[in-house]
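J.: Produce the entire structure from the sequences given, and follow the hints as far as they go.
In our numbering, the protein residues as written are 13 to 791.
Keep in mind that the hints were calculated from the coordinates and are not lab data. Any given hint could be a false lead.
[What the hints assert, rightly or not] Derived Cβ-Cβ restraints for the label pairs, each shown as a range:
| hint | residue 1 | residue 2 | range |
| --- | --- | --- | --- |
| 1 | Glu737 | Asp537 | 33 to 43 Å |
| 2 | Thr465 | Pro636 | 55 to 65 Å |
| 3 | Pro635 | Leu786 | 21 to 31 Å |
| 4 | Glu294 | Ser202 | 25 to 35 Å |
| 5 | Asn222 | Asp537 | 56 to 66 Å |
| 6 | Ala549 | Thr770 | 51 to 61 Å |
| 7 | Thr577 | Glu632 | 46 to 56 Å |
| 8 | Gly88 | Glu294 | 31 to 41 Å |
| 9 | Thr553 | Glu632 | 53 to 63 Å |
Please read all numbers here as calculations on a predicted model, not as lab measurements. Glycine is no exception: its CB is placed at the ideal position from the N, C-alpha and C atoms.
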Amino acid sequence: MASAGSDARALKSWEEAFTYPIATTRQIEKQLRNDIAANKERLRTLVGSSYRDLLGTADRIIQLDHRMQETEELMGEVSLQCNSDVIDKKARHLAQLQEQAAQQKSGGRQLAAQLSLLQKCHKCLPRLFRRGGSVLTAAKVLAVSRLLTKRIGQEDNAPPLLNLIKEQLTSQRRRLLRRVDLILISPESSLHQLIEAICAFCIVTSSSSNDAIRHFQDLRLDEIRRLSDASEKGREGVLEGFHYYLQSLRTTPKLFGRQFSDAMRDLRGQPLLRSTDIESLEELDLAKVQQFIPTEILSFVPWIKHTDSPLAEAPSILGKWSNAAFEDLCLALKRTANELSDTSELLNFRKQALEVWLPLSSSTSTHSNAEIFQALRSIFNTRIKGLLHARAGSLSVIASDIESVLEEGGDDTTPSCLSIWDHDLATASLGKGASTFKRRLIDRHLGHSKTTTLILASLQRWTAAMSNSLEQIEQVRTTRWIDFIEEDEDVDDDGDGDDKTETIERTLQKDDPDQYEHEHKSSLDTATLEFQSRIKAAVETLHESETPKAIFLLRTIRGIYHHMTSSSIQQQDLPILASAIPRLHHLLATNTTSTLLGPIHTSSSLVQRHKIKALARLWEGDPPLPTHPSPPVFKLLQRLTGIMADQGPDLWSGDAVEEVKRAVRKEIVERKLLPLETKVWVNGTEEKPKLANGTTDDGDGRKADRQTSTQVLFDVFYLLLHALELRGESGSDAVTSETLIRHLKDSVSRHLDAAAMTALESRAKDYWARTSLLFGLLA
Numbered sequence: 013m014a015s016a017g018s019d020a021r022a023l024k025s026w027e028e029a030f031t032y033p034i035a036t037t038r039q040i041e042k043q044l045r046n047d048i049a050a051n052k053e054r055l056r057t058l059v060g061s062s063y064r065d066l067l068g069t070a071d072r073i074i075q076l077d078h079r080m081q082e083t084e085e086l087m088g089e090v091s092l093q094c095n096s097d098v099i100d101k102k103a104r105h106l107a108q109l110q111e112q113a114a115q116q117k118s119g120g121r122q123l124a125a126q127l128s129l130l131q132k133c134h135k136c137l138p139r140l141f142r143r144g145g146s147v148l149t150a151a152k153v154l155a156v157s158r159l160l161t162k163r164i165g166q167e168d169n170a171p172p173l174l175n176l177i178k179e180q181l182t183s184q185r186r187r188l189l190r191r192v193d194l195i196l197i198s199p200e201s202s203l204h205q206l207i208e209a210i211c212a213f214c215i216v217t218s219s220s221s222n223d224a225i226r227h228f229q230d231l232r233l234d235e236i237r238r239l240s241d242a243s244e245k246g247r248e249g250v251l252e253g254f255h256y257y258l259q260s261l262r263t264t265p266k267l268f269g270r271q272f273s274d275a276m277r278d279l280r281g282q283p284l285l286r287s288t289d290i291e292s293l294e295e296l297d298l299a300k301v302q303q304f305i306p307t308e309i310l311s312f313v314p315w316i317k318h319t320d321s322p323l324a325e326a327p328s329i330l331g332k333w334s335n336a337a338f339e340d341l342c343l344a345l346k347r348t349a350n351e352l353s354d355t356s357e358l359l360n361f362r363k364q365a366l367e368v369w370l371p372l373s374s375s376t377s378t379h380s381n382a383e384i385f386q387a388l389r390s391i392f393n394t395r396i397k398g399l400l401h402a403r404a405g406s407l408s409v410i411a412s413d414i415e416s417v418l419e420e421g422g423d424d425t426t427p428s429c430l431s432i433w434d435h436d437l438a439t440a441s442l443g444k445g446a447s448t449f450k451r452r453l454i455d456r457h458l459g460h461s462k463t464t465t466l467i468l469a470s471l472q473r474w475t476a477a478m479s480n481s482l483e484q485i486e487q488v489r490t491t492r493w494i495d496f497i498e499e500d501e502d503v504d505d506d507g508d509g510d511d512k513t514e515t516i517e518r519t520l521q522k523d524d525p526d527q528y529e530h531e532h533k534s535s536l537d538t539a540t541l542e543f544q545s546r547i548k549a550a551v552e553t554l555h556e557s558e559t560p561k562a563i564f565l566l567r568t569i570r571g572i573y574h575h576m577t578s579s580s581i582q583q584q585d586l587p588i589l590a591s592a593i594p595r596l597h598h599l600l601a602t603n604t605t606s607t608l609l610g611p612i613h614t615s616s617s618l619v620q621r622h623k624i625k626a627l628a629r630l631w632e633g634d635p636p637l638p639t640h641p642s643p644p645v646f647k648l649l650q651r652l653t654g655i656m657a658d659q660g661p662d663l664w665s666g667d668a669v670e671e672v673k674r675a676v677r678k679e680i681v682e683r684k685l686l687p688l689e690t691k692v693w694v695n696g697t698e699e700k701p702k703l704a705n706g707t708t709d710d711g712d713g714r715k716a717d718r719q720t721s722t723q724v725l726f727d728v729f730y731l732l733l734h735a736l737e738l739r740g741e742s743g744s745d746a747v748t749s750e751t752l753i754r755h756l757k758d759s760v761s762r763h764l765d766a767a768a769m770t771a772l773e774s775r776a777k778d779y780w781a782r783t784s785l786l787f788g789l790l791a
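T.: Here it is in structure tokens:
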């Protein structure tokens, strides 16, 4: 309650101050003292400020008085000199001075303005390049800069900076021309960009429109050659160059159209500094310096020679360029096609080239579509046919390899006779895989040496390549060329477009594959015929002593038959090669027979007479008859099969076995290796009985002779009718065999009846049935 009225400023009289408690009264006192001190300070400040203002006012009054005195003195002097003569004189002098000053000021401003605009143009060009601005705008800025440079250079007080700007403008001119060339070369440039670039080229180089178009064509031609000759890109580069060429054929005629003529007309009909693109450049700030620029620069219009009717010159200009470019492309396509040695790659290259041309074929009116199509077909068809011929002709290399082996003395690497049950093969490691073991097993079973294996591997690669070529040709027929043609084909109302499409599709899908297939078959037949003839000629030159060569050829011919008849080339008939096999069988049989019977002397016989008497003790039946052949005959067959096995079980086909049987039979009969009476061999006439060794029968050995005749007849039955039985005999061999058997039967019939004769023949047959498996190669 005491503090509620403690504000001294609220007291109405001094008596009110004592109505409060003492503490409050003392507080009121302090407030009053503080207010008095604050009021004193405020009064002092107000008085001091008013004093300073008064001093300032007094100072200004003094200055005004001083200036008034100077004015009065000046007015007095003026009034003294104020006469008409002096005024006229000074007026004339003043006009002269003002005129001189105006001239000096105007000349300096024009030079400064021109130099400023030149520097702005110089700085504006790099910004246009960095921003990817229009090359036509840059060319206009460069042209204005050249005009300013020339005008400033004519001034007496041209700044030294001008030479540096000239050098930089020259560099920027080269840079601008490079950008123009890049736009003209780029296949992605639009028609508007190409027209701007050509206009810019005309402004910068002062060329005519036709010169600029020729420059454009030269750039495109150089780019086509560069793409086609790029060795690192290969066929991709050639295809890229071909596509670039076709795009250029579509683009170039448009440069002779209305849009290009309008651009040239606009360029020649308006001053450069008045064009919209120049005025819109904020960097130049033309509004400020335009009044100081000379009229000849402000009104400068580039003069470009342009033909009013360019369409009349278009065919000649475009035709020359198109022919030159297409010739280069054809050479590049032909070179690239000749570098490809794989049929699938070549056919794929053909497909890629046609896929490039077909979608654009209808829009390349500058160059004849038929000419391009026929040129492409000629290039690829010639190369494909040549490749097929060369691929088939490579069979002659295999024939040369075979001839080389024969010239060197045969196949030295041929194994004598390696069994498939050989210890080395049975214990061989399988670490290299089952296929390697299988290959070794097959080679050993077929008697293939390393040389034979290499030759047959080459033949297998050849047949695989020929089969693959045929498959690739068949795939060409399945390509839907119409899908590529219709992408950009404009079909006329009268149906001409449909006819052209059908013609192209029929040519690519049927006519060309038919040509390839015919060339493939013709080349294959020619190469196979030549190959067979060379093999047969090599067989004809063999002598009877060259058995290893015959064995090598037999195994090689067998492999040739296997590979050629099992592949898709379907060479089922090899008549010349087949006609050479009988001679090889004959050589093999002759060598086998000479090895078998050569050690036996001509005057000797297989069965000795004194040994047959001992064999007779083992005869059975009534009358006693032989039950098995004589041991020499049995051993003869064992030796024969052993010799055949040593030469190789794989050699003994049915025809080869027949040939060796025929040779052995003939040798046995002609060399009289059985103890027969001589009357058998003297034209069927009876002579005095003699034994085969030339001794005369004395009558005491008739029993032995009967036993000998009976055993020999059994041996003949066993050997000639069963062991060495032929599927069919003809000629002298058949007559000799029949004569021998008939005479033996006549000789034995003197002491054996017909039943015994039949039993004898039956025993020989049964014994062969029991023992034939011992002579598996003959069975």
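J.: Run every hint past the structure and note whether it holds.
T.: Against the structure, the hints:
Between Glu737 and Asp537 the C-beta distance comes to about 40 Å, which sits within the given range of 33 to 43 Å. For the hinted restraint 55 to 65 Å between Thr465 and Pro636, the CB-CB distance of approximately 57 Å keeps it satisfied. In this structure the hint that Pro635 and Leu786 lie 21 to 31 Å apart at CB holds, the actual value being about 29 Å. Distance hint for Glu294 and Ser202: a CB-CB separation of about 27 Å, consistent with the stated range 25 to 35 Å.
At about 59 Å, the beta-carbon gap between Asn222 and Asp537 stays in the expected band of 56 to 66 Å. A hinted range of 51 to 61 Å for the beta carbons of Ala549 and Thr770 is consistent with their spacing of about 52 Å. Take Thr577 and Glu632: their Cβ atoms lie about 52 Å apart, and the range 46 to 56 Å holds. Distance hint check for Gly88 and Glu294: the Cβ-Cβ separation is about 59 Å, which falls outside the suggested range of 31 to 41 Å.
The hinted range of 53 to 63 Å is satisfied by Thr553 and Glu632, whose Cβ atoms lie roughly 55 Å apart.
Consistency note: the structure conflicts with earlier hint 8 alone.
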